[in-house]
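Undergrad: One letter stands for each residue in the lines below.
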Amino acid sequence: MKKGRAEFLTKSTVRCLMQVKRQSLFLLLPALILFGFLLVLPLANILQESFRQFVPGRVGSALDAPFTTHNYEELVSHAYIGFFLDTFRIGLVATLVALTIGYPIAYHVARMRSGRRRKLWVAFLVAMMFLSALARVYAVALAFGPVGFLPLIARLLDINPNSSNVTEVLVVLGLLHYLVPIAALTLIGTIQNVNPRLTDAAESLGAARILAHLTITIPLSARGILSAFLICYTLCISAFVIPMVLGKGRILFVSNLIYSRFGEVANYPSGAAISVVMLVLSMVIIYVVTRAATARWDRV
Amino acid sequence: MITRFTRRGFLHGAAVGGLAVGLPTFWATRHQAFAQDTITAVDWGAPYLDASKEMAARFGKVDVNWAAHEGGGAAILAKIKASWPNTPYDLVDNWSPVFVTMTREGWAETITKSDVPNLADVPEALITKDEKGNWKNIPRSTTGACFAYNAKKSPIPIKSLQDLYSPKLKGQICWPGPLMNTSLQIVALALANGGNERNIDPGFKALKDLAKTGNIGRVYSVHTESVASLTSGETSVTFGDQATLSAVQQALPLTYVSKMDPNLKTFLFTEGWVVMSNSKKKKAAFDLANFSISVAECEKFNKIIGLNPANRKSKPPEGLAHLSMTDAEMKKFGYIADFDYISKQIDGWNKRFESEIVPLLK
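Those protein sequence lines, which keep their order, are chains D and Z. Quick note, the first sequence lines up with residues 1 to 300 if you use the working numbering. Quick note, the second sequence lines up with residues 1 to 362 if you use the working numbering.
Since the hints were derived computationally from the structure, they do not count as laboratory data. Don't take every hint at face value.
[As the list claims (entries may be wrong)] Which chain D residues face chain Z? A few, computed with CB under 10 Å, are given here:
1) Tyr138
2) Phe149
3) Asp158
[Said to hold, decoys possible] Some chain Z residues near chain D, calculated using beta-carbon distances under 10 Å:
4) Asp63
5) Asn65
6) Ala67
7) Glu70
8) Ile80
9) Gln172
10) Trp175
11) Gly177
12) Tyr220
13) Ser221
14) Ile346
15) Ser355
16) Pro359
17) Leu361
[Claimed, not checked] For each label pair, taking beta carbons as the anchor points, the in silico distance ranges come out as:
18) Asp37(Z) with His78(D): 51 to 59 Å
19) Asp37(Z) with Pro30(D): 39 to 47 Å
20) Met283(D) with Asp121(Z): 33 to 41 Å
21) Asn193(D) with Asp63(Z): 54 to 62 Å
22) Asp121(Z) with Ser163(D): 51 to 59 Å
23) Ile101(D) with Asp37(Z): 52 to 60 Å
24) Ser24(D) with Thr38(Z): 46 to 54 Å
25) Gln250(Z) with Phe124(D): 34 to 42 Å
Glycine included, every Cβ here is placed at the ideal spot set by N, Cα and C.
Just chain Z, same shape as in the assembly (with noise of 0.2 Å):
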């Protein structure tokens, strides 16, 4: 028997194939086409991404869509010009020298105390300004960048910068690459040589002396890279933020060389949330990032990835007391570097370290 394809025969099967496809897929996703609100917000991988799922399911008012970063915080800003003003996201999880970026590319919404009103817990320092003084992000976290090592399998303490350069330290430092941490390191050797952000030739030298002991075993270009070589045991010296060391520290014994010596010093700013300025869903995203700066829920973030909450009222957890610091000890071990002006020089500075440090390196 001959089966003939007839027009009525094409639209039938289309009409049942379109039915069996269709049917199971808008059932899996009817709440989100009936939900209130939906909107997709970036965060960095575990422990942030799960750490921020659990507070958005606490929340239940607003559904969220959840990416993660791919690389550093950086790397989002490709993604975000590439689709401007078609930018996918809503929310945005990031650190201080992109917000600066951000708000100077005009991609972060101006938030008010009306918008975030537990905006009023957080210290007004820590919160992003542009140039009319229109605040532009939401802290969730203090945080800091020091040095560290693990006291059983470095050869040595670290106690000053000069340890760094032992002979005792051969291939034993994990250094971050220039684009990590925005090149802080190169920033704390440059303060330990008299000069600082805006004078960077002396860290650049003091680098260059480094990489010419030996002592550095890895350039580290992504954190996991870090968390790995130090917890094989491949390095036992590292330069890192917080959330890095916190990671590392949960597999070994980590010592923090903070508050030690005044020429290394700790670096401190802020992680947080940027409502993009293109989102159409503003009310949906202010109000969960409200939710997640309240007391309770800054709290239980910061527990989870190690950090200090920037709500004043939250209670920090412990083992953060290298990263606490008086007036006094602000002054003498503590730096908040001028990230405005190192996003405009990052790039230089990524380029004099290709030229004049790798080549050193091999």
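This is chain D alone, in the form it adopts within the complex (with noise of 0.2 Å):
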């Protein structure tokens, strides 16, 4: 009788979940012909464009290009290899820092007892999103050219101010005005789910403050630094006018390799191979990152 009841209750449950799946899936279908249309086609579109041959002169490939891996093959060289460890590198750089800024705003934000001032906080770091990203470029070039600070350091520093390092710290500077206010809302979410009980009783038992914060509040806020992490991440690789105009030509990321070929040589080929290439291979940096952080948690 009871396994009879168990049965009629599984088959029940079973049929209930399909009916439940089926209704999804005819909720969700809207959206799923707009991504594949928007997203899905589009990317195919540049897939098969990158394996087609290019003719110098032409705009794009012809509609009956034959096809091709050259456009792959180029890129293997030590110059575009050089281009995509830039991209990479300095992502990474501008990214750490980002979140080193701004765990301690977001921290300083989400301990706040008035509920008005956190507010007022949350506001400001919204507005500074909506800041023109142009306009905050040239600040950074203007602040950091030769009519701002960058002489003065130089000199105090003993530097060349054209040198190339001088070049990417800047880039790193233009990245982080757009990346600290981001790292610091995302953050301060996770940071109000930590308990501060956690830290107070570490205290009480006699643990420093510093370390009560690095054992329990970091730990526990992992998740969110990781969710910070990948979003500052893509949003540096993929950043297009701030090494543009703060890398002065001499620092390029694959955004701009990918803008000149579509933008002014019509190379359309060349761009979707580096296009691809560069999909490939933030989306891998990006799951082998979440799979190790991940791993670690579940380890723990």
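Make the complex out of the two chains shown on their own, each in a separate frame, by following the hints.
TA: Dropping the structure here:
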């Protein structure tokens, strides 16, 4: 009797779940169609374009252009690998610095006693994101240009203001201008979910304040830190205007290479190949980082 | 009281809402609806766009929707290709290398003197032709590109090619990216070292040597970067087209390195209109373009943007003596590049710049 009833419940539950799944699919269908039309189809187009032969002097590839792997082969060179490495390296540095600066800001905002002041801070951080990216980039360019602080800093530190290291620092500064508010906003919610009494308990048991934060607050907000990292890193490696203006044409991101092919030279196949490689590499990196982080949490 | 939502109520509300939105929109755009002709024209940003709008206002017989180029002149090619044959443009302002590409793609309408009578006053050598000799563009300006420097900021005067390699110029050169001016700057270095656009290797070798000196402070990829770099004092020497250099000259004294050293050539080319071959308003586009290259209008326009008028009867503005050349000067200091050939090489030159030059600038 019990077994029959259990079987009945199980079958009924399964039927119910199937119905819910079909209904959900039906409701999701418009979004899926839009997603397929606006994202999957263009990506498929880019992929097929990347294998087309380009005839110099024409605009894009011809409809009957033969397929070739030449567009990918020319990326396997020291210079182009260097561009990819520069993009990922500078992006990583900017992201880590943004998290280092953004976390204390987020902690300060999350732990504010006054709800009104917290709202004002959040509004301020959100308002910073509405500032024009171009205005911000040129503000950094002028502030650290020949009429700004750079000549003075260069003299004090005895460095060449035109060196590529200084240019890289300027690119990172430009990225930070953009990333710090985003990192802080992403982390505020996470930190608010960490019970402050846990650190109080640690301190009451003799732990130093900094140790309490390092061993309790930060590990408990690790998932939020990972989210902020992924968001900021994605924004960094896809940045275009910031490296174009602050990089002075000497520090090139992959996005700048893609723009020159699509925007000026009209070599769509080469631009498509670079885009596909960048997409695949970015997804691999994000997957590896996420897996490594979540594997560690699973072990803990 | 419960308000019932009825079908009649819904239709009533929709009609009122439609009228509320539609009437003001119609009233604001009524003159477009009743206008004889409205064309869409593309031009560069200020001061080109402002000067062209003033010209169109004086013409008055055609309404124009103005759009601005986003980036260099070639950037619009991608938009045209993506929307062809339903491109929304009727008239596109561009320059020599892009005329060649548009002609090759079949996007440029054939023009005759009966379409644009004022072309009779424009030297035929300035007009782009297809392989059958058909005219394909309407020149408005003749202009050039050359080296120039801010005499007050530059550590040394630039009088010859070798001055660019001087150690005193560390970080002072604002060098155009390979897609600016269709790499005429690299052609300039090639010409100075026994090459030309068909033998560009000497140019790349010279540019590698220049990159190794550390004198290139910035590589610009849009004209505004060059203007900002020079006017802010970040750099003091550059190579640019006259429109960009004229914009810089409004802020600081610029010395043109033209007609000084036979190794530093001044390149000459044209800017003007292309009537799109898919345009449904060709007559209106021809009429506007014809008006723009009349003696008076060509003079007014080129005075504003600082270039030489294509109409030989129009008076050129002052300050362009470095672009005016006698036959002897043209042979020694001037150069008209083969833009048809260059347009097929620019992709390869761009990749060479990325792989051979940029690593040396880091």
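Undergrad: Please check whether Tyr220(Z) passes as an interface residue: C-beta within 10 Å of a C-beta belonging to chain D.
TA: Holds - the Cβ of Tyr220(Z) comes within 10 Å of chain D, reaching about 6 Å at its closest.
Undergrad: Quick one, is the Ala67(Z) hint okay against chain D at 10 Å, beta carbons?
TA: violated, 16 Å
Undergrad: A range of 46 to 54 Å was offered for this pair. Does it hold for the Cβ distance of Ser24(D) and Thr38(Z)?
TA: About 49 Å separates the Cβ atoms of Ser24(D) and Thr38(Z), which means 46 to 54 Å holds.
Undergrad: Using the nearest Cβ pair, does Pro359(Z) come within less than 10 Å of chain D?
TA: holds, 6 Å
Undergrad: Does the Cβ pair Asp37(Z), His78(D) satisfy 51 to 59 Å?
TA: holds, 56 Å
Undergrad: Hint check: is the beta carbon of Gly177(Z) less than 10 Å from a beta carbon of chain D?
TA: Result: holds, 6 Å to nearest chain D Cβ.
Undergrad: For the hint on Tyr138(D), just tell me whether its beta-carbon gets within less than 10 Å of chain Z.
TA: holds, 7 Å
Undergrad: Let's test the interface hint: is any C-beta of chain D closer than 10 Å to that of Gln172(Z)?
TA: holds, 9 Å
Undergrad: Interface hint check: Asp158(D), Cβ to nearest Cβ on chain Z, cutoff 10 Å. Holds or violated?
TA: violated, 15 Å
Undergrad: Can you let me know if the beta-carbon spacing of Asp37(Z) and Pro30(D) is within 39 to 47 Å?
TA: Given about 41 Å between the Cβ atoms, the range holds.
Undergrad: A closest beta-carbon separation below 10 Å is what the hint needs, so does Glu70(Z) meet it against chain D?
TA: holds, 8 Å
Undergrad: Can we keep the Ile80(Z) interface hint, with Cβ of chain D closer than 10 Å?
TA: holds, 8 Å
Going down the numbered hints, you'll see the structure goes against 2, 3, 4, 5, 6, 20, while the others check out.
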